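J.: The lines below spell out each chain.
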Amino acid sequence: MSADIIEGFLCPICMKDLGTVSQLQGHFEEEHSSEDKAVFQQLKGFFDKAKKKILGDRVDEGISPNGEVRTSGDLSIILSGYDPSWWEDQELGASRSHIDTFKAVRDARVDFFVVETNKLLIRLDKLLSPDAPTDPKKRKAFEREVVRWIPDSEVPACLNCGKSFSLFTRRHHCRLCGGIMCDRCSEIMASSYAQKLVNPAHSFSGDGFLKRSNSNTSLNSLMGVDGEAVMRVCRTCRKLLERRDKMTELRNSTPIIVQIYDKMKQCIREAEQIIPEYMPMVDSLSQGETVYNYRQALILRTKLVRLYEAVDQLSKKILVMDLRPDEQCPNPRQVILQKSIRMYASNFMQENMIGLQSLPSEDDYNKLRQARAAEIQRRIAAERRAAMEAQDRERAERERQSREQGTAGGSGQSLSPQEEGVKLGHKRVSSGGERRKFLGGIVGSKSGGKGHARTDSDGTSNSSGGWKPSEDPHRLSRSNNADPMMQQMEIIRGYIKQAKEAHRSDEVTMLEQNLRDLAEEYRRQQQSAKS
Amino acid sequence: MASRGGPQRPNGASQGKICQFKLVLLGESAVGKSSLVLRFVKGQFHEYQESTIGAAFLTQTVCLDDTTVKFEIWDTAGQERYHSLAPMYYRGAQAAIVVYDITNPDTFGRAKTWVKELQRQASPNIVIALAGNKADLASKRMVEYDEAQAYAEENSLLFMETSAKTAMNVNDIFLAIAKKLPKSETSGTPQPRQGVRLNNEQGGQQSEGGCCK
Chain A
1 MSADIIEGFL CPICMKDLGT VSQLQGHFEE EHSSEDKAVF QQLKGFFDKA
51 KKKILGDRVD EGISPNGEVR TSGDLSIILS GYDPSWWEDQ ELGASRSHID
101 TFKAVRDARV DFFVVETNKL LIRLDKLLSP DAPTDPKKRK AFEREVVRWI
151 PDSEVPACLN CGKSFSLFTR RHHCRLCGGI MCDRCSEIMA SSYAQKLVNP
201 AHSFSGDGFL KRSNSNTSLN SLMGVDGEAV MRVCRTCRKL LERRDKMTEL
251 RNSTPIIVQI YDKMKQCIRE AEQIIPEYMP MVDSLSQGET VYNYRQALIL
301 RTKLVRLYEA VDQLSKKILV MDLRPDEQCP NPRQVILQKS IRMYASNFMQ
351 ENMIGLQSLP SEDDYNKLRQ ARAAEIQRRI AAERRAAMEA QDRERAERER
401 QSREQGTAGG SGQSLSPQEE GVKLGHKRVS SGGERRKFLG GIVGSKSGGK
451 GHARTDSDGT SNSSGGWKPS EDPHRLSRSN NADPMMQQME IIRGYIKQAK
501 EAHRSDEVTM LEQNLRDLAE EYRRQQQSAK S
Chain B
1 MASRGGPQRP NGASQGKICQ FKLVLLGESA VGKSSLVLRF VKGQFHEYQE
51 STIGAAFLTQ TVCLDDTTVK FEIWDTAGQE RYHSLAPMYY RGAQAAIVVY
101 DITNPDTFGR AKTWVKELQR QASPNIVIAL AGNKADLASK RMVEYDEAQA
151 YAEENSLLFM ETSAKTAMNV NDIFLAIAKK LPKSETSGTP QPRQGVRLNN
201 EQGGQQSEGG CCK
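Residue numbers (the UniProt record's numbering), protein chains in the order written: chain A, 1 to 531; chain B, 1 to 213.
If you're looking for bench data, these hints aren't it; they were derived computationally from the structure. Accuracy of the hints is not assured; some may be wrong.
Said to hold, decoys possible - Covered by chain A, per the in silico footprint, the following chain B stretches (three or more residues, Cβ under 8 Å):
hint: 1; stretch: 41–53
hint: 2; stretch: 57–65
hint: 3; stretch: 82–92
To be verified - In silico contact screen, one side only, chain A against chain B (beta carbon under 7 Å); selected entries:
hint: 4; residue: Lys-468
hint: 5; residue: Met-486
hint: 6; residue: Gln-487
hint: 7; residue: Ile-491
hint: 8; residue: Tyr-495
Note that the structure is predicted; figures quoted are calculated from it, not measured. Cβ atoms here follow ideal geometry from the backbone N, Cα and C, with glycine treated the same way.
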């Protein structure tokens, strides 16, 4: 019995044959995973080795000569009995922020530069003061008074290049720090540049420091080559001053991309001011109404076109702009920024350009207007006719009633002609009132905002902030329309118009969103109907 | 025209937060959905309310403690031919009122169907309220209060009997919904984004050169 050898995918614990590797693994994990981790690991390792053998062959076929290292690395992760997915994410151990240390170091550095630079600027200011002597001798004494010069005897060689001073290599003092260097290591600062450093309002263009020409070695006088006053400084001081100059310039000048962006935003803002004025005009004009002047709409349209063009061009300019041409590849963040700006601009235009196309041409507008006038005339006539008929019916009814009453109730009950006249007159007035109301409805819908204001003010609205578009006058004619989806879009368009007129921007946004959803849904329906 | 009564953007004002919720009204036709909203939004009641075409849109703002809740109400048409529109409106809605008519048991059955559809298709945490409208016609009642109440409890719905005509429970049901809606800062319909989003998904790339180059 002990000689019996069982073979197969046996579970090491219950000795069941599971048939396949995956089944065995599944079974083990389900039944025994808690019982013996070690056995499980061993088992896993065993199968992983087997897998390695099988997979290894396959990998060998695929790898390129230089891919060897990489694949073996990958394999070691997958196959060496370690599968990262077994482990939960390791918790981050002790961590420590170095930001404070970094800040301390940086602050010290910044302080040093700021203090040094300020010291230099104060000295520079004194040296440049208008009552400083111009006579070379006195000037030198003045300069030494402002800045303590290092005595010649203390410095046997140039502090910068180490060349020892002699009759030919003269000592020169930096007028700002008093340090000593040879002529070749000193810098000559134009005094107009110095003026600018002290007073940023002082305009200055060109190089702040003079180019050193070989012939100009004996520069003792205060005058530069072209007669401008100059000042000898050391390289350290020059660096400090130039750094400060650069910083002030950076702070004062906006980068070109920002300038263009500002311009673009300005255009968008202007357009956004015009659009709410223009859109109701288009809607109204394309229905042939005469509330707005057609010319005025044209003018606004031209303005908008110009603004959109500007936005388009500016955003394109931003898109292709190369901020730092000296760098090989542009900063990816900058590219993202430029693309986003362009996207924003084109989105803006897509959203708002639609209105531009829908303005009817002048001829069309005239036709529309005539058609509408005729329609209104026709409706007024129809209404008048209806009112007359109603009145006639009323009169007939009344006469019939009074006749009946007269016959039923005897002579005393009949109305005197006078009374009847009063009653009829009253009726006439009230029916006239109704007609006025109806005409008012037409006028109201024509003059948009006013119409809405009217309904708001005479409505018995008690709630604050509630908004409800007024009823659609064409609702009955529309109710037989074929597609409810199209119908709903039409309704929403009407609502949007009303919300715009009521300056309900939140509502406009919501409704426009819904209109987009509807259009999308409609498109989907049409597509699925086709396929 | 009166100044905008709607919520102004709070610029650090003491007004508290503003939440915006999309609410949809569903139910058989002629149960009083439009009347209910009209009462809530305008405080009006029309004896002969015309039947809604498609879906009507209204807004109303209510104040709850320190929160301003703006309802964006979609009053759908009850007629069968407009049912294809309903999913468009309940899909993104945070709240729904399913309305039935207490004098008509068929409308209660239809309301149950709507609730089922909402539970299946609408967003999973939608707040559903059941409104038994026309409570002023109690003499012609055909749907018992307890029956509807039991059904609402079973399905964890808010339940009230309302009357758009007498304004009974109309504001209450909307307020109850407002109270039940989650009012975290981010809830509600997201405000339309304006301007450029600067950090898009490619932002992970490291830009070269920090402050200390």
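J.: Hint by hint, note whether the structure agrees.
T.: Evaluation of the provided hints:
Evaluation of the coverage hint for the stretch 41–53 of chain B: fulfilled, as 6 residues show C-beta separations to chain A shorter than 8 Å, against a requirement of three. Only residues whose C-beta sits within less than 8 Å of a C-beta in chain A count toward coverage, and the stretch 57–65 of chain B has 5 of them, enough to reach three; the restraint holds. Chain A is given as covering the stretch 82–92 of chain B, and this holds because 4 residues of the stretch bring a CB closer than 8 Å to a CB of that chain, at least three being needed. Interface restraint check for A/Lys-468: the shortest CB-CB distance to chain B comes to about 5 Å, inside 7 Å, so the restraint holds.
Checking A/Met-486 against chain B: minimum C-beta separation of about 10 Å lies over 7 Å; hint violated. Hint status for A/Gln-487 relative to chain B: holds, with the closest Cβ pair at about 6 Å, below 7 Å. Here the hint on A/Ile-491 is kept, as its CB sits about 5 Å from the closest CB of chain B, short of 7 Å. A distance limit of 7 Å between C-beta atoms decides the matter here; for A/Tyr-495 the minimum to chain B is near 5 Å, and the interface restraint holds.
In this structure, only the earlier hint numbered 5 is contradicted, and the remaining ones agree with it.
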